[in-house]
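Keeping their order, the protein sequence lines are chains A and B. Just so you know, we're using the numbering used here here: the first sequence kicks off at 55 and counts up by one. Just so you know, we're using the numbering used here here: the second sequence kicks off at 263 and counts up by one.
Calculated from the structure, these hints are not laboratory results. One thing to keep in mind: the hints can contain errors.
[As the list claims (entries may be wrong)] What the simulated footprint calls covered on chain A by chain B, stretch by stretch (three residues with Cβ under 8 Å from a Cβ of chain B suffice, anywhere in the stretch; the number is not a length):
no. : segment
1   : 85 to 91
2   : 163 to 176
3   : 226 to 233
4   : 256 to 267
5   : 272 to 286
6   : 335 to 345
7   : 602 to 612
[To be verified] Below, computed lysine-lysine pairings styled on DSS-like, alpha-carbon distance capped at 25 Å:
no. : chain 1 : residue 1 : chain 2 : residue 2
8   : B       : Lys587    : A       : Lys272
9   : B       : Lys583    : A       : Lys208
10  : A       : Lys231    : A       : Lys162
11  : B       : Lys615    : A       : Lys167
12  : A       : Lys538    : B       : Lys569
13  : B       : Lys443    : B       : Lys314
14  : B       : Lys593    : B       : Lys583
Keep in mind that this is a model prediction, so the values were computed, not measured. Backbone N, C-alpha and C define an ideal beta-carbon position, used for all residues, glycine too.
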Amino acid sequence: MPTVGVKRDLLFKALGRTYTDEEFDELCFEFGLELDEITSEKEIISREQGDSKASGASDIILYKIDVPANRYDLLCLEGLVRGLQVFKNKLEAPRYRRVSPVNGEPQKLIITKETAAVRPFAVAAVLRNITFTQERYDSFIELQEKLHQNICRKRSLVAIGTHDLDTISGPFTYTAKAPGDICFRPLNQTKEYTATQLMSLYKTDSHLRHYLHIIEDKPVYPVIYDSNGIVLSMPPIINGDHSKITLKTKNVFIECTATDVTKAKIVLDMMVTMFSEYCSQPFTVEEAEVVYPDGKTCVYPTLAVSVQHCFVLCPPDSESTEKIAQLLTRMCLRSRATGVGDEIEVEIPPTRSDVIHACDIMEDAAVAYGFNNITRTTPRTYTVAHQFPLNKLTELLRQDLAAAGFTEALNFALCSQEDIADKLGKKISETKAAHISNPKTAEFQVARTTLLPGLLKTIAANRKMPLPLKLFEISDVVLQDETKDVGARNSRRFCAVYYNKSPGFEVIHGLLDRTMQLLDVKSARGEGYHIQAADDPTFFPGRCAEIFVQGKSVGRLGVLHPDVINRFELTMPCSALEMDVEPFL
Amino acid sequence: ETIFPLNGSSMADTGVVEALLRRVEKVDDGVDSLEVATSLELDHQVIVGAVKSLQAVGDVISAELRSSKHWELTDEGREIAEHGSHEARVFGSIPVEGLPQSELMKLSFGKIGFSKAMSNKWIRLDKAHEGGPRIFRTVESIEDQVREKLLLLQKGNASQLEEKEKNELKKRKLLSEVTVKTYWIMKGNSFSTTVTKQETELTAEMITNGSWKEKKFKPYNFEAMGVAPDCGHLHPLMKVRTQFRQIFLEMGFTEMPTNNFIESSFWNFDSLFQPQQHPARDQHDTFFLSDPALAHDFPQDYLERVKKVHSEGGFGSQGYKYDWKIEEAKKNILRTHTTAVSARMLYKLAQQKFTPVKYFSIDRVFRNETLDATHLAEFHQIEGVVADYGLTLGDLMGVLHQFFTKLGITKLRFKPAYNPYTEPSMEVFSYHEGLKKWVEVGNSGIFRPEMLLPMGLPEDVSVIAWGLSLERPTMIKYGINNIRELVGHKVNLQMVYDSPICRLDS
Numbered sequence: 055m056p057t058v059g060v061k062r063d064l065l066f067k068a069l070g071r072t073y074t075d076e077e078f079d080e081l082c083f084e085f086g087l088e089l090d091e092i093t094s095e096k097e098i099i100s101r102e103q104g105d106s107k108a109s110g111a112s113d114i115i116l117y118k119i120d121v122p123a124n125r126y127d128l129l130c131l132e133g134l135v136r137g138l139q140v141f142k143n144k145l146e147a148p149r150y151r152r153v154s155p156v157n158g159e160p161q162k163l164i165i166t167k168e169t170a171a172v173r174p175f176a177v178a179a180v181l182r183n184i185t186f187t188q189e190r191y192d193s194f195i196e197l198q199e200k201l202h203q204n205i206c207r208k209r210s211l212v213a214i215g216t217h218d219l220d221t222i223s224g225p226f227t228y229t230a231k232a233p234g235d236i237c238f239r240p241l242n243q244t245k246e247y248t249a250t251q252l253m254s255l256y257k258t259d260s261h262l263r264h265y266l267h268i269i270e271d272k273p274v275y276p277v278i279y280d281s282n283g284i285v286l287s288m289p290p291i292i293n294g295d296h297s298k299i300t301l302k303t304k305n306v307f308i309e310c311t312a313t314d315v316t317k318a319k320i321v322l323d324m325m326v327t328m329f330s331e332y333c334s335q336p337f338t339v340e341e342a343e344v345v346y347p348d349g350k351t352c353v354y355p356t357l358a359v360s361v362q363h364c365f366v367l368c369p370p371d372s373e374s375t376e377k378i379a380q381l382l383t384r385m386c387l388r389s390r391a392t393g394v395g396d397e398i399e400v401e402i403p404p405t406r407s408d409v410i411h412a413c414d415i416m417e418d419a420a421v422a423y424g425f426n427n428i429t430r431t432t433p434r435t436y437t438v439a440h441q442f443p444l445n446k447l448t449e450l451l452r453q454d455l456a457a458a459g460f461t462e463a464l465n466f467a468l469c470s471q472e473d474i475a476d477k478l479g480k481k482i483s484e485t486k487a488a489h490i491s492n493p494k495t496a497e498f499q500v501a502r503t504t505l506l507p508g509l510l511k512t513i514a515a516n517r518k519m520p521l522p523l524k525l526f527e528i529s530d531v532v533l534q535d536e537t538k539d540v541g542a543r544n545s546r547r548f549c550a551v552y553y554n555k556s557p558g559f560e561v562i563h564g565l566l567d568r569t570m571q572l573l574d575v576k577s578a579r580g581e582g583y584h585i586q587a588a589d590d591p592t593f594f595p596g597r598c599a600e601i602f603v604q605g606k607s608v609g610r611l612g613v614l615h616p617d618v619i620n621r622f623e624l625t626m627p628c629s630a631l632e633m634d635v636e637p638f639l
Numbered sequence: 263e264t265i266f267p268l269n270g271s272s273m274a275d276t277g278v279v280e281a282l283l284r285r286v287e288k289v290d291d292g293v294d295s296l297e298v299a300t301s302l303e304l305d306h307q308v309i310v311g312a313v314k315s316l317q318a319v320g321d322v323i324s325a326e327l328r329s330s331k332h333w334e335l336t337d338e339g340r341e342i343a344e345h346g347s348h349e350a351r352v353f354g355s356i357p358v359e360g361l362p363q364s365e366l367m368k369l370s371f372g373k374i375g376f377s378k379a380m381s382n383k384w385i386r387l388d389k390a391h392e393g394g395p396r397i398f399r400t401v402e403s404i405e406d407q408v409r410e411k412l413l414l415l416q417k418g419n420a421s422q423l424e425e426k427e428k429n430e431l432k433k434r435k436l437l438s439e440v441t442v443k444t445y446w447i448m449k450g451n452s453f454s455t456t457v458t459k460q461e462t463e464l465t466a467e468m469i470t471n472g473s474w475k476e477k478k479f480k481p482y483n484f485e486a487m488g489v490a491p492d493c494g495h496l497h498p499l500m501k502v503r504t505q506f507r508q509i510f511l512e513m514g515f516t517e518m519p520t521n522n523f524i525e526s527s528f529w530n531f532d533s534l535f536q537p538q539q540h541p542a543r544d545q546h547d548t549f550f551l552s553d554p555a556l557a558h559d560f561p562q563d564y565l566e567r568v569k570k571v572h573s574e575g576g577f578g579s580q581g582y583k584y585d586w587k588i589e590e591a592k593k594n595i596l597r598t599h600t601t602a603v604s605a606r607m608l609y610k611l612a613q614q615k616f617t618p619v620k621y622f623s624i625d626r627v628f629r630n631e632t633l634d635a636t637h638l639a640e641f642h643q644i645e646g647v648v649a650d651y652g653l654t655l656g657d658l659m660g661v662l663h664q665f666f667t668k669l670g671i672t673k674l675r676f677k678p679a680y681n682p683y684t685e686p687s688m689e690v691f692s693y694h695e696g697l698k699k700w701v702e703v704g705n706s707g708i709f710r711p712e713m714l715l716p717m718g719l720p721e722d723v724s725v726i727a728w729g730l731s732l733e734r735p736t737m738i739k740y741g742i743n744n745i746r747e748l749v750g751h752k753v754n755l756q757m758v759y760d761s762p763i764c765r766l767d768s
């Protein structure tokens with residue numbers, strides 16, 4: 055969930071009133087936001103870098119507000135204020151208009167076919183006669199950053215470039231070139247670099263180094279030129295210094311390059327809808343033409359308003375269709391009852407890209423009505439409950455195993471290869487283990503194939519406890535299984551260990567006998583259960599037996615091999631039992 | 263011989279106890295323990311022991327502790343009471359023919375005894391005797407009054423001496439005045455002059471021969487702790503799981519088969535209308551598998567419908583409009599939520615004639631997250647799902663209210679939230695009386711049509727669902743701050759041994 059930091063007093067000024075922290079928190083809650091933290095720049099620096107660095111930093115109060123991940127229209131102060139003011143009926147939701155330039159042709163961005171190899175899409179627009187202040191400028195930069203981190207998926211899907219239009223002249227060309235052939239002075243640098251040099255320069259840049267991988271190993275890098283060969287930007291890495299925005303900038307050229315054109319259109323719409331507020335003609339955006347390699351021309355920004363006719367299927371507390379339309383209008387969705395049954399006509403503005411289905415509209419009606427004002431009802435759904443048989447058996451067995459004097463442990467399903475193989479004296483290839491491709495540490499290399507290592511680690515972590523230690527666990531292991539759609543299955547196991555000054559094989563054997571008694575299996579070869587000597591490197595030679603039920607092997611028990619005991623950092627003899635539970639269903 | 267057991271290890275002689283009781287029997291208004299000791303010619307401490315042992319067996323006597331002033335012989339005084347005063351011993355050591363002074367001075371009592379005997383005029387010194395100064399008796403016999411007075415005092419008959427005499431002895435450091443603690447002993451409510459032996463335990467023999475009826479038993483010390491039973495224990499997290507399971511079953515929910523930790527991205531994400539670029543599908547958040555890396559065998563028609571709703575829309579939706587790839591859907595992962603199983607169950611449900619269902623599950627899910635005191639790479643998700651015709655947001659809130667009431671949580675409120683596969687989505691908050699604020703206790707919502715309709719569920723069926731973690735309520739219930747003490751091998755077994763039974767609603 056993205057977090058937006060806004061200056062409290064600036065926010066209250068824009069909202070036209072002040073709130074106590076509690077009142078504002080309540081407003082957020084109602085609207086689906088969360089006032090996550092109340093802080094200041096000084097406090098943040100002091101927390102992250104120490105008090106000494108914080109001296110002199112601003113102590114203006116900041117609100118950190120959590121915004122739902124699909125509400126890109128709330129990622130800046132402008133959008134938050136607009137949303138809340140409309141919600142509180144203090145403002146009518148604006149209609150955003152795309153306009154042609156007053157004189158002359160629209161700005162053109164020509165895409166060449168070379169971009170197809172790296173970043174094929176681009177959209178563009180112009181904000182005309184905009185007035186920046188320091189705060190507006192900061193918010194403009196911050197919104198780009200928020201969009202980059204969220205919908206743009208760290209610039210991989212979309213990258214935004216904003217330019218002072220009066221420093222450059224169209225038509226603009228979006229092309230892709232070999233890195234050695236691109237040369238320009240990047241933002242905030244004093245000399246020119248080739249793209250190759252830039253990539254190595256930014257290797258150590260704490261911010262930009264995260265984006266290098268997007269194009270690093272491509273044969274060509276994307277680049278945008280003006281008609282005089284001035285580089286506007288090398289997306290998605292850096293803009294040129296030449297066209298950079300200042301507080302004095304009056305006309306802004308915005309380009310978004312992308313691998314996902316749908317998202318590029320949304321991002322461009324967000325930028326222009328949020329900041330056209332500061333244009334001399336508020337909420338108007340000057341169009342730009344984008345010419346594709348195939349000659350096709352598109353006009354942007356889309357600023358599409360889709361009109362949906364939907365039926366109010368289950369209004370909160372049976373509110374009238376007219377009332378629902380009013381509620382929706384408070385959520386920036388201008389609506390009216392058409393008079394045809396329960397139909398309403400809803401205008402979905404370009405800011406609400408999250409609305410893709412009638413259910414999204416109905417949710418907004420419920421939010422505006424207030425979730426907590428809705429009457430709670432009880433569905434009449436009549437059903438009879440069933441337990442999952444394997445879980446039912448597990449629950450019953452656990453109770454009786456505890457009654458037999460063993461204590462239940464609960465270990466992780468993920469572990470290291472070493473735990474399930476080397477430490478038990480086995481080869482990993484014999485384990486049928488499922489392997490994880492992206493573990494952050496060795497603790498998460500594989501899904502466990504046996505419960506024994508977990509129990510031995512539990513003993514090792516509890517060596518100070520009085521002896522004997524008698525532990526059990528009934529849980530799932532994971533084994534590769536080609537017959538399953540995912541190529542693996544869970545297998546429910548029962549494992550128990552006895553750790554004391556003497557091995558206590560008879561104790562573990564007794565627990566097996568008791569378990570079989572609980573499962574109503576008699577001690578007998580053939581129809582019942584029996585154990586017979588087996589070889590297993592995990593166990594001490596001659597001290598291991600295989601458990602057979604109706605002639606089928608279900609597990610093993612025995613005295614652990616001293617090497618196994620040592621590898622788990624234990625010092626006493628230990629006997630163990632592990633068997634499948636599923637054959638007893 | 264009967265033995266009187268005491269609370270401590272010492273034992274009082276039954277004879278003393280009985281003698282004491284006989285003394286007490288004769289007096290109505292009580293007797294002083296020191297007086298008893300004197301009259302029985304016993305050390306006072308012996309009587310104190312007898313008093314204490316009688317107190318331990320109940321209300322035989324009542325004894326009130328008192329303190330009084332009392333004359334006591336010093337070490338020198340006791341020596342004199344035994345052997346006589348120094349002057350008397352000097353007199354006794356002189357034969358009729360006399361004794362050279364030098365010989366007398368060699369005796370321990372010689373020097374002090376000589377001057378005192380001289381002033382008593384019991385002896386005389388012949389300085390001019392040939393062979394050196396010599397001492398002779400001047401009287402036939404003497405009366406050793408000092409010793410007699412001391413003996414009187416020793417026997418407790420201090421009252422027979424005058425104050426002046428006692429002070430004189432005190433001045434000679436033969437006597438000192440001390441404070442003595444004594445008991446004033448009176449008959450108790452169950453006074454008796456006979457005492458019986460107390461048994462420590464009831465034995466099989468006593469039960470067989472009926473002798474328990476005549477015996478008295480030593481009282482137990484109920485302040486001490488008992489012996490811990492030798493037993494096994496269930497894990498606290500599993501105890502809480504059992505309770506949640508019970509709650510769902512009470513509410514008529516059927517348990518889903520969640521024994522499949524490895525899931526395809528298709529069922530974990532795509533079927534839930536979670537787009538392929540969603541951050542949750544990042545390497546940073548999800549465990550992917552290298553072996554087995556890919557899933558196969560998807561229901562083909564359904565897969566096509568899922569692909570379409572993502573990439574082009576449909577079922578009343580605009581979709582996400584991106585290039586949906588089967589390669590992404592095939593990637594195997596460790597499931598990030600049990601909702602993957604709910605999706606499989608709802609798909610299965612859609613393949614038959616629809617009947618309303620209520621499902622639940624409590625099982626492990628996995629996140630490739632940064633670990634801290636409250637987050638692990640795996641945790642248990644609790645999930646409830648209801649599918650029926652025309653379920654509303656009010657129904658969801660109603661069911662949640664019933665569910666949380668069973669957990670002892672009655673104050674609920676709901677916050678709008680975002681979740682890719684539910685619309686509306688609501689975070690569930692409950693008022694925490696201890697923290698005096700609203701805390702998030704779960705997530706809930708109505709599954710999106712883009713998820714349900716491609717499965718083939720009827721259009722007028724809605725599915726409400728909610729989820730929460732098992733660990734969080736358990737940590738609150740058992741007051742555990744670090745999740746590692748609860749889950750995994752670093753568990754504190756003592757905590758497991760000591761944890762009480764789980765009653766969520768109390």
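A quick look at each hint next to the structure:
1. Chain B is given as covering the segment 85 to 91 of chain A, and this holds because 3 residues of the stretch bring a CB closer than 8 Å to a CB of that chain, at least three being needed.
2. Taking a C-beta to C-beta cut-off of 8 Å, the segment 163 to 176 of chain A contributes 0 residues in contact with chain B, too few for the three needed, and the coverage statement is violated.
3. Look at the segment 226 to 233 of chain A against chain B: 0 of its residues bring a Cβ nearer than 8 Å to a Cβ of that chain, fewer than three, so the hint is violated.
4. Judged by the Cβ-Cβ criterion of 8 Å, the segment 256 to 267 of chain A is not covered by chain B as claimed, because only 0 of its residues qualify and three are needed.
5. For the segment 272 to 286 of chain A, the stated coverage by chain B is violated: 0 residues have a C-beta nearer than 8 Å to a C-beta of that chain, whereas at least 3 were required.
6. Check on the segment 335 to 345 of chain A: 0 of its residues sit with their Cβ under 8 Å from a Cβ of chain B, so the three-residue criterion for coverage is violated.
7. With 0 residues bearing a CB less than 8 Å from a CB of chain B, the segment 602 to 612 of chain A misses the requirement of three and the coverage assertion fails.
8. Between the alpha carbons of lysine 587 of chain B and lysine 272 of chain A the distance comes to roughly 22 Å, so the proposed pair stays at or under 25 Å and holds.
9. The straight-line distance between the Cα atoms of lysine 583 of chain B and lysine 208 of chain A is roughly 19 Å, inside the 25 Å bound, and the hint therefore holds.
10. For the proposed pair lysine 231 of chain A and lysine 162 of chain A, the alpha carbon gap of about 20 Å is at most 25 Å, so the pair holds.
11. Of the supplied pair hints, the one linking lysine 615 of chain B and lysine 167 of chain A is violated, its CA atoms being roughly 53 Å apart against a limit of 25 Å.
12. Our distance criterion of 25 Å between C-alpha atoms is met by lysine 538 of chain A and lysine 569 of chain B, whose separation comes to about 22 Å.
13. At most 25 Å may separate the alpha-carbon atoms for a hinted pair to count; lysine 443 of chain B and lysine 314 of chain B meet this at roughly 14 Å.
14. Taken as a hint, the lysine 593 of chain B and lysine 583 of chain B pair is honoured in the structure, with Cα atoms around 21 Å apart against an allowance of 25 Å.
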